[in-house]
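Protein chains: 2
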Amino acid sequence: MTRALHIDAPVGLPVVDMTREFDAPPAAVYRAHRDPELVARWLGPHGFEMVIEVYDVRTGGRYRYSHRDPEGNVYRFNGVFHTAREDELIIQTFEYEAVPDVVAVETLRFEALDGGRTKLHTHSVHTDVATRDAMIDSGMEQGVRESYERLDGLLAG
Amino acid sequence: MTRALHIDAPVGLPVVDMTREFDAPPAAVYRAHRDPELVARWLGPHGFEMVIEVYDVRTGGRYRYSHRDPEGNVYRFNGVFHTAREDELIIQTFEYEAVPDVVAVETLRFEALDGGRTKLHTHSVHTDVATRDAMIDSGMEQGVRESYERLDGLLAG
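Protein chains in written order, with our numbering: chain A, 1 to 157; chain B, 1001 to 1157.
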């Protein structure tokens, strides 16, 4: 079963909040965010190929990766990890390289639910409202929804 | 002469914008932000002692320092550098350790002005409006004003 993705993007604030439940415990969901070979199997919309250059989930670690869409267009992203606390919390910056030097900060909280499940809370703060709105208009919701569907499959596998 | 500090903190947005001119070129102002032994001489309100544990201004580098006020109270801060581009740009995260896991992102742009001067633009985005407001209410403006007065002195020295 695919669980609901809840997105809250208040008008006039540069913020996006999302929650999503997973049928696996925090340790498994965290591991799928930490291990590059797992991340590459679920992060991104359907049909995109992810190539990871570096993905070093620890305080002061960096990540950089590209997504290639079915038409061959390539989108590159990078950031640094401010906090990485096993099975609990990741705080990272986020930059889409086509819009250089415009950096968001994302906080991911892995909440343990009864029955060995997890609620993932993501709080993203963009540099301004226009940047937040552009991110939403770029198809963010579909990309996140499809990513989490693939993550469901990975966690069930 | 002490130049004016301009602060813009729009009601209802988690953002603070500041500008300040310095009578020194970008390379000197950048160096005063990059070299820990220089940073320790100006960052913080008058009468505070700064102790730097780490201050590694490069992409993926970390900083952590404490400020001790005249009464002996200690305030600790840390973050990571997302971007450090010599004489131009620093993008860093910011965490006040008394409020853990609440992380802002700060963008510092060093703009060259005529006459070998610099305009420093600082754009800070906090995790929410309440956190931004608490930062302002904590005496942020006075702390920044006094820091930059000390930086004027360092640059003139």
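Calculated directly from the structure, the hints in this document are not laboratory data. Backbone N, C-alpha and C define an ideal beta-carbon position, used for all residues, glycine too. Mixed in with the good hints there might be a few duds.
Said to hold, decoys possible - For the chain B half of the interface with chain A, some residues (derived, Cβ under 7 Å), not all of them: (1) Val1057; (2) Arg1058; (3) Gly1060; (4) His1082; (5) Ile1091; (6) Thr1093; (7) Val1099; (8) Val1103; (9) Thr1127.
query: Which numbered hints are broken by the structure, listed smallest first?
result: Violated: hints 1, 2 and 7.
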